[in-house]
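Undergrad: Protein sequences appear in the order of chains B and E. Note that the working numbering has the first sequence beginning at 1, numbered continuously upward. Note that the working numbering has the second sequence beginning at 1, numbered continuously upward.
Take these hints with a grain of salt, some might be off.
Any copy will do: because identical chains look the same in the list, a pair fits if it lies in one copy or spans two.
Unchecked claim - DMTMM-like cross-link-like pairs, simulated, lysine to aspartate or glutamate; straight-line CA separation at most 20 Å: (1) Lys317 with Asp299; (2) Lys221 with Glu124; (3) Lys179 with Asp111; (4) Lys168 with Asp79; (5) Lys173 with Glu113; (6) Lys332 with Asp290; (7) Lys179 with Glu339; (8) Lys93 with Asp261; (9) Lys168 with Asp111; (10) Lys93 with Asp276; (11) Lys53 with Asp241; (12) Lys173 with Asp276; (13) Lys152 with Glu257; (14) Lys173 with Asp79; (15) Lys44 with Asp241; (16) Lys53 with Asp36.
Keep in mind the hints are simulated off the structure, nothing from the lab.
Listed here are the chains, written in short residue letters.
There are 2 protein chains.
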Amino acid sequence: MAGGRGERFWPLSTDQLTKPFVPLLGPRSLIQETVDRLQPLIPKDRVLISIGKAHEALARAQLPTIPPDNFIIEPIGRDTSACLGFCALHLEKRNPDSILLAVPADHFVGDPEAYRRTLARGIENLPGTNGIVFGITPERPETGYGYIQAKKPADSSAAWPVTRFVEKPDAVKAAEYIKSGTYFWNSGIFLWHNKVLLELFHMHMPQTHQRLCALRPLLAKRDTDAQIFEIFSSIERISIDFGIMEKAGGFGLIPAEFHWDDVGSWAALARALPADENNNIFQGSHAAVDANGCIVYSDAGLVAVFGTSDLVVVQAKGKVLVCPKDRASDLKQLVRALERPLETK
Amino acid sequence: MAGGRGERFWPLSTDQLTKPFVPLLGPRSLIQETVDRLQPLIPKDRVLISIGKAHEALARAQLPTIPPDNFIIEPIGRDTSACLGFCALHLEKRNPDSILLAVPADHFVGDPEAYRRTLARGIENLPGTNGIVFGITPERPETGYGYIQAKKPADSSAAWPVTRFVEKPDAVKAAEYIKSGTYFWNSGIFLWHNKVLLELFHMHMPQTHQRLCALRPLLAKRDTDAQIFEIFSSIERISIDFGIMEKAGGFGLIPAEFHWDDVGSWAALARALPADENNNIFQGSHAAVDANGCIVYSDAGLVAVFGTSDLVVVQAKGKVLVCPKDRASDLKQLVRALERPLETK
Chain B
1 MAGGRGERFW PLSTDQLTKP FVPLLGPRSL IQETVDRLQP LIPKDRVLIS IGKAHEALAR
61 AQLPTIPPDN FIIEPIGRDT SACLGFCALH LEKRNPDSIL LAVPADHFVG DPEAYRRTLA
121 RGIENLPGTN GIVFGITPER PETGYGYIQA KKPADSSAAW PVTRFVEKPD AVKAAEYIKS
181 GTYFWNSGIF LWHNKVLLEL FHMHMPQTHQ RLCALRPLLA KRDTDAQIFE IFSSIERISI
241 DFGIMEKAGG FGLIPAEFHW DDVGSWAALA RALPADENNN IFQGSHAAVD ANGCIVYSDA
301 GLVAVFGTSD LVVVQAKGKV LVCPKDRASD LKQLVRALER PLETK
Chain E
1 MAGGRGERFW PLSTDQLTKP FVPLLGPRSL IQETVDRLQP LIPKDRVLIS IGKAHEALAR
61 AQLPTIPPDN FIIEPIGRDT SACLGFCALH LEKRNPDSIL LAVPADHFVG DPEAYRRTLA
121 RGIENLPGTN GIVFGITPER PETGYGYIQA KKPADSSAAW PVTRFVEKPD AVKAAEYIKS
181 GTYFWNSGIF LWHNKVLLEL FHMHMPQTHQ RLCALRPLLA KRDTDAQIFE IFSSIERISI
241 DFGIMEKAGG FGLIPAEFHW DDVGSWAALA RALPADENNN IFQGSHAAVD ANGCIVYSDA
301 GLVAVFGTSD LVVVQAKGKV LVCPKDRASD LKQLVRALER PLETK
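Okay, chain B solo, but in the shape it has when bound (with noise of 0.2 Å):
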């Protein structure tokens, strides 16, 4: 899955270049790092890529070696659940006893092998559930997560029983998740029996199911596209937590045994990449002198901090930004008044 907006990551990224398609942790986009990561678990004949109609082409030239028809182009943005819906009407045309593993294209997670480890354990614990969802073991009280409770199992290799989803609790809740060991943030990766799947929108989300069985028939022919839009753009927009997870029961949970992170904003990268010894994050060319706690990133020339501390500070598509690393996470609010008329000199 690799839709969404881009507004978090400007400069670097823009509505044209979203969060997925841009090298933020490496020399590789977050899309290709996620493809890559898959390996071997999950051949690349098997991937699939969901993908809105304005990303396709980016989408393609930067993942040349999954094959051409894998790629499932959204014909306009309506949410993961009519996301995945659409995908597993795709997947059902392949092998209608295949399973689905979604998987967002623009998280950080530390160690791939652990990962793979990790999603293997869960597609093992799939039969006998509804669905597995992958939990991370929460490492500070964040707020701005979904959380979900599930129960330790008696045998340290099944998964554990879901409980409840919880959306983005108060700092005092998510303190009291932490401390409970019970609680684990939502990564959103999921995984499902394709069937499965589309009988829970059957169930939950009859609307829903209604439009994706009007779909399928249309997938199979040529020049339905004017179609496929008018009934996908009717679908409602919502995410698959609060369409299908909140609400049916069934879930299994597997802990992860990697570090992750959604990788939310300028700030987060400190999070995701190693610091140097005074704690400010490199990606690119830089320089730092009596600099400490700032994150720098350079998709170009040489970017110096000289004296400065907790500030961002981004080179990027020929634009600059700085910020304190705290407002980071407001950058919604420079890019609305970028969009209003400038006044250059």
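Based on the hints, put chain E in the right spot on chain B.
TA: Frame of chain B, contents of chain E only:
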């Protein structure tokens, strides 16, 4: 005079592209602005450009309307006394009775008309003095400038007789100087009868004068570059202030009617350019949201400051600098560090 190094305005200026040649305060470079603002008082065919060998091509390219013979190429940098002695020799060749107006090519002048008016007053008052200095009424207890003490004349149109030159004072002294009303900043703009200047060399810098006399016949001959280099490079490395002005008497001072700044660092742009309502200074494409007291310079794409205070942010020559305003005067420290091998990821 367009000598000097390039580190104070890194990354815009470098040792290859020194301060006089950068468009720091507007679309034209400081040396272009300097020549422009002398018009029509000093016609271009009477403007001589004193320049180091390394910057000759740059100077000629930036000043295509200055006659080619008007470029005086210093074989090697030997501070302002050698520079001005060498200029005096060249001027003597053209007209032994000329007057020499020495103007640094890297300063800010707020009001070109008042500037020319002030210079013209200097020229009127030159007869009967050993030279005219132009003094700036101090606006703050600056400890980085030289000061000139002078005595207010009864006739307000006359020059102020210079009492003494004072090198960079401490803050207490500087505050006293301001109060007194008889101290001025030394602008580095000087005026002499060319003959008198050479005589001052004879009296106060006899060794340098001897070298100048050895150079004199070489200027008229061909293929004397090597000889000129040898003699010139043996001249004492000392400023005209130390070498002559502080020793000799008989100088007059004309108080400047114009706003002036030597623009010694990025932070000084705040004294030379107008600020927005949040006290930000901009040059080039910029955006400021919730920012105040920042100095933003771009020779290329947009530079955005968001939620920041009192920073210098520069995008120039493909590089980026971020530092607090109050560290801008220490920029040498960064440039020195950059001369050492850099880690680049």
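Undergrad: Indicate, hint by hint, whether the structure satisfies it.
TA: Verification of the supplied hints:
Within a single copy, Lys317 and Asp299 get their C-alpha atoms as close as 7 Å, and across copies as close as 14 Å, so both meet the 20 Å cut-off. For a Cα distance limit of 20 Å, the shortest separation of Lys221 from Glu124 qualifies neither inside one copy, at 36 Å, nor across copies, at 93 Å. Taking the shortest alpha-carbon separations for Lys179 and Asp111, neither the intra-copy value of 25 Å nor the inter-copy value of 68 Å comes in at or below 20 Å. In the homo-oligomer, the alpha carbons of Lys168 and Asp79 lie at most 20 Å apart inside one protomer (18 Å), although the nearest pairing across protomers, at 67 Å, exceeds that limit.
For a Cα distance limit of 20 Å, the shortest separation of Lys173 from Glu113 qualifies neither inside one copy, at 32 Å, nor across copies, at 69 Å. Taking CA atoms no more than 20 Å apart as the test, Lys332 paired with Asp290 passes between copies only; the shortest distance there is 13 Å, against 30 Å inside one copy. Taking identical chains as interchangeable, the C-alpha atoms of Lys179 and Glu339 are never at most 20 Å apart, the minima being 43 Å within one chain and 51 Å between chains. Taking the shortest Cα distances, Lys93 and Asp261 never come within 20 Å of each other, neither inside one copy (33 Å) nor across copies (75 Å).
For the homomeric pair Lys168 and Asp111, neither the shortest alpha-carbon distance inside one copy (26 Å) nor that between copies (59 Å) is at most 20 Å. When the C-alpha separation of Lys93 and Asp276 is checked against a cutoff of 20 Å, the pair qualifies neither within a copy, at 50 Å, nor between copies, at 61 Å. Taking the closest pair of Cα atoms, Lys53 and Asp241 never come within 20 Å of each other, the shortest separation being 24 Å inside a single copy and 70 Å across copies. With identical chains, the CA atoms of Lys173 and Asp276 are never at most 20 Å apart, being 33 Å at best within one copy and 44 Å at best between copies.
Proximity of Lys152 to Glu257 under the C-alpha cut-off of 20 Å is restricted to the intra-copy arrangement: shortest distance 15 Å within a copy versus 83 Å between copies. Neither within a single protomer nor between protomers do Lys173 and Asp79 lie at most 20 Å apart by alpha-carbon distance, with minima of 27 Å and 69 Å respectively. For a Cα distance limit of 20 Å, the shortest separation of Lys44 from Asp241 qualifies neither inside one copy, at 27 Å, nor across copies, at 75 Å. Neither within a single protomer nor between protomers do Lys53 and Asp36 lie at most 20 Å apart by alpha-carbon distance, with minima of 23 Å and 55 Å respectively.
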